[in-house]
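Asks: Chain by chain, the residues:
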Amino acid sequence: MSTPTTLFDKVWRAHEVHRSESGQSLLWIDRHFVHEGSFHAFNKLAERQLPVARPDLTFGIADHYVPTLTRDLAGVVDPKVRSMIEQLSRNTQQHGVALFGLDDPRQGIVHVLGPEQGLTQPGMVMVCGDSHTATHGAFGSIAFGIGASEVAHVLATQTLWQSKPKVMRITVEGQLAEGITAKDIALTWIARLGADGARGYAIEYAGEAIRSLSMEARLTLCNLSIEGGGRCGMIAPDQTTFDYLRDRPWIPQGEAFKQACAYWATLYSDPGARFDLEVTLHADEIAPTVTWGVSPEEALPIDRAVPDPEQLSDPAKARQARESLAYMGLTAGQKLTDINIDRVFIGSCTNARIEDLRAAAAVLVGQKSRVPGMVSPGSTLVKTQAEAEGLDRIFIDAGLEWRHSGCSMCVGMNGDLVASGERCASTTNRNFKGRQGPGARTHLMSPAMVAAAAVSGRLTDVRTLTAGVDSSVQATGAR
Amino acid sequence: MQPITVLDTLGVALAAANVDTDQLIPARFMKEPRSVGYGQFLLYDVRHNEQGTPDAEFILHRPNAADAEVMVSRRNFGAGSSREAAVYALVDYGFRCVVAPSFGDIFASNAVNNGLLPAVVEEDDAERLLAALGDTPAAIYVDLEKQLIRVAEVEVSFSISTVWRTKLLNGWDDIDMTRQHANTITDFAANYARQFPWTAPRLPETEIISKG
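Sequence lines, in order, name chains A and B.
12 is the number of the first residue of the first sequence in my numbering; add one for each residue after it.
368 is the number of the first residue of the second sequence in my numbering; add one for each residue after it.
To be clear, the hints were calculated from the coordinates, so they are not data collected in a lab.
Take the hints with a grain of salt, since some may be wrong.
To be verified - Calculated pairs, EDC-like style, for lysine to aspartate or glutamate (alpha carbon to alpha carbon, straight line, at most 16 Å):
1) LYS398(B) with ASP258(A)
2) LYS175(A) with ASP20(A)
3) LYS175(A) with GLU32(A)
4) LYS513(B) with ASP375(B)
5) LYS21(A) with ASP281(A)
6) LYS177(A) with ASP20(A)
7) LYS91(A) with GLU399(B)
8) LYS175(A) with ASP287(A)
9) LYS346(A) with ASP319(A)
10) LYS398(B) with GLU266(A)
11) LYS55(A) with ASP543(B)
12) LYS328(A) with GLU490(B)
13) LYS177(A) with ASP353(A)
14) LYS379(A) with ASP408(A)
15) LYS269(A) with ASP254(A)
16) LYS379(A) with ASP403(A)
17) LYS55(A) with ASP540(B)
18) LYS346(A) with ASP314(A)
19) LYS177(A) with ASP287(A)
20) LYS328(A) with GLU522(B)
21) LYS328(A) with GLU494(B)
22) LYS379(A) with ASP353(A)
23) LYS269(A) with ASP258(A)
24) LYS379(A) with ASP325(A)
As the structure is a prediction and not an experimental result, all values here were calculated from the model.
Pulled out of the complex, with its shape left as it was, chain B reads as follows:
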């Protein structure tokens, strides 16, 4: 995973609350293998009309939007489904950071697992950033070590858990980290099986009978 320290890049304002996972990637696109690139599906129904014609006014269709790496939005971004595809759509489009006053819980974990920084800012600060960015892609600076974001004259701080910050700064991967604890896990599993023997799945011996 590519580490993040500083992003000196373009940002876009998506001035809406509750940008949920079903908007980030409509379910019908999730049958595709990741190799097709999920960026094309990002916010598909928000930025296209029913005939599939792109809305030229939409922020992602403005000049230079393809170079944007930071999205600023309103509260409850990524609420809803556990679909990691919502993060794939953002990452494959080129985003490295989303800034919002709050994030869906599972979305935020998924983001960090894919090197996408979910930066939490105060509601007022989100409004100031949105206003400073305006309706075209504009310069934005994000510093993960110092936990600050700057757009023109507006500078705000953001919060992120220490664990996630460390993971993103180093580009760490959980599976590698956990496998270092393999022996601890094996010991735990053995003790656990002794203490809670009933948790071991007991294969049904009889025919299945509906219990209603």
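Looking at chain A on its own, in the form it has when it is part of the complex:
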């Protein structure tokens, strides 16, 4: 028998075009997504007068700068924002690259659209000039974010130089209790290991709790790998994966699909495969989790209180906590459930898939939000689906805005911003200072927890709201 191999190594090896004397690998890239922000890379290509090597493997998606109030480019007030969207159209057209543009019925956030269209497949190496590219690893592919110079390199050569990262396995044993989601798993391990805890590692998520996650929930979990510093996050494909992929628009059909599935089924870590680091969590330890600070590592179960820097023995941690509390406008030792919010946002590549919207709607049905807020579906197809299910009515009746799809208020590039000093309960991925707008204060949590915060006007344990509600209408992320 050959040496037991990790899932990561199997995929890596299949893509190694060349290995340099220094040990760097030149990797073949199966899928390359570009967006409005990729203009720097196209400019680099133009400076060198180079063509796109493989336009057939390159896909353009308008998401970062798209308006969420209209699908009409003329409705974009800021000429610089409009120009970003136009540049993407021009660059993709010039190089013969397929574009999912503003008015495309399939448009969406790249990390929602890729899986939805079946462009994302197990065993691939996928890149995009966006750090949340790790999302696609949910299918058992190696997917990671790259900078503009690397985007230019991939455009020019369809390859990328990479040093092989170490591999860590995060195992979640047991079954998640009701109300506990993939978001909570992610925030829990990041809080435990730190925002740079997985730096230098590719992560494989494994264990009973992970196997039980739906495809959507797996996408959320892998999406947040970068927030713990990981190069990428991946989950071995299984029947859940194959069932999700079958009949997706860009997925092979018939015999080709069978052939692909046979290969995909070989993509798992062999028993006895060696990992550079093993981390084990038990599902019982995971509670609905929210962030209180300005780094995703500053996260706690909802029934706890924010730290008191005076009580922290490590001076570096005390200093960081003091600064975070000051920015967030919180008092040392304040209970999380005593934190009032000003706004909610449900959206982003992390948590705006149909299951996420269902989970939020299940909490909001028949309720009023005490604060303003908006819902931006992860893709236009998710929006259409949600409308077919009547979820849009639930959000609108609760007093929230039902918007078009885009990156929206997660990063504010299109002008959807949280005002300075405002506190937002958000389903997004980063609580960095100023992420949702200058001076904005972000608390990250799952969609159901954001909905619970909307209903009560403060951070709330969703389990205290939904107790007694028919459990069949509650989406928990677990099947």
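Fit chain B to the known structure of chain A by using the hints.
Replies: Chain B only, in chain A's frame:
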């Protein structure tokens, strides 16, 4: 790309952990073409108040700060987004090296691709360098060949991968390097297409139907 061997210059201390990419350059400035110079956007919201008035106390607004080429900071520098604009802001400001106990993965790659040295030091050594620099720009010496940094009496070593060190010492560019392997890539692509035929995108023939 301009090679780096030795930097005998001024350094500034940015004594904070998790200086993330969104702080290094707020998203709203990323619509600008590079030609406007991204240095003006560096740490914009950290060094200006809400009205856009510069904070005179901030290290980058101290006398001589414009001549600084090395920044020393705390752990997890450049965490977050893949925006290469975070590196453009540092480089356009005049920085050639950032020293920290750890860096965001993508930020570090972006830095090297733009000739900015991400020098990794031990946490204690970062504290010693920060203390030695103090709150005004001060003399600092960085030697990439010997992998050492000196501020006054404090001398520490730093780590960097051999590949990145070589690239920075020579000012090499990846695209030129890779194009030398053009034939290998072509052969690989042909074999790969035979072995994994399903990876070739199959254009949808039918109308798109939402799968939810």
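Asks: Now tell me, hint by hint, if it's right for this structure.
Replies: We went through each hint and held it up to the structure:
1. LYS398(B) with ASP258(A): Distance ~38 Å between LYS398(B) and ASP258(A) Cα, so the pair is violated.
2. LYS175(A) with ASP20(A): holds (9 Å)
3. LYS175(A) with GLU32(A): Holds - the C-alpha atoms of GLU32(A) and LYS175(A) are around 14 Å apart, at most 16 Å.
4. LYS513(B) with ASP375(B): holds (14 Å)
5. LYS21(A) with ASP281(A): Roughly 10 Å between the alpha carbons, so the hint for LYS21(A) and ASP281(A) holds.
6. LYS177(A) with ASP20(A): holds (10 Å)
7. LYS91(A) with GLU399(B): holds (8 Å)
8. LYS175(A) with ASP287(A): Roughly 12 Å between the alpha carbons, so the hint for LYS175(A) and ASP287(A) holds.
9. LYS346(A) with ASP319(A): Holds: LYS346(A) and ASP319(A) sit about 11 Å apart, inside 16 Å.
10. LYS398(B) with GLU266(A): Violated, at roughly 46 Å.
11. LYS55(A) with ASP543(B): holds (13 Å)
12. LYS328(A) with GLU490(B): holds (13 Å)
13. LYS177(A) with ASP353(A): Status violated; Cα separation ~42 Å.
14. LYS379(A) with ASP408(A): The given pair, whose Cα atoms are some 7 Å apart, holds under the 16 Å limit.
15. LYS269(A) with ASP254(A): With Cα atoms ~12 Å apart, LYS269(A) and ASP254(A) stay inside 16 Å; holds.
16. LYS379(A) with ASP403(A): holds (14 Å)
17. LYS55(A) with ASP540(B): holds (12 Å)
18. LYS346(A) with ASP314(A): holds (8 Å)
19. LYS177(A) with ASP287(A): Judged against 16 Å, a Cα distance of about 6 Å means the pair holds.
20. LYS328(A) with GLU522(B): Violated, because 26 Å separates the two Cα atoms, which is more than 16 Å.
21. LYS328(A) with GLU494(B): holds (14 Å)
22. LYS379(A) with ASP353(A): It holds: about 14 Å lies between the C-alpha atoms, which stays within 16 Å.
23. LYS269(A) with ASP258(A): OK: LYS269(A) and ASP258(A) at ~12 Å, within 16 Å.
24. LYS379(A) with ASP325(A): Outside the cut-off at roughly 43 Å; violated.
Violation of the numbered hints given earlier is confined to hints 1, 10, 13, 20 and 24; the remaining hints are satisfied by the structure.
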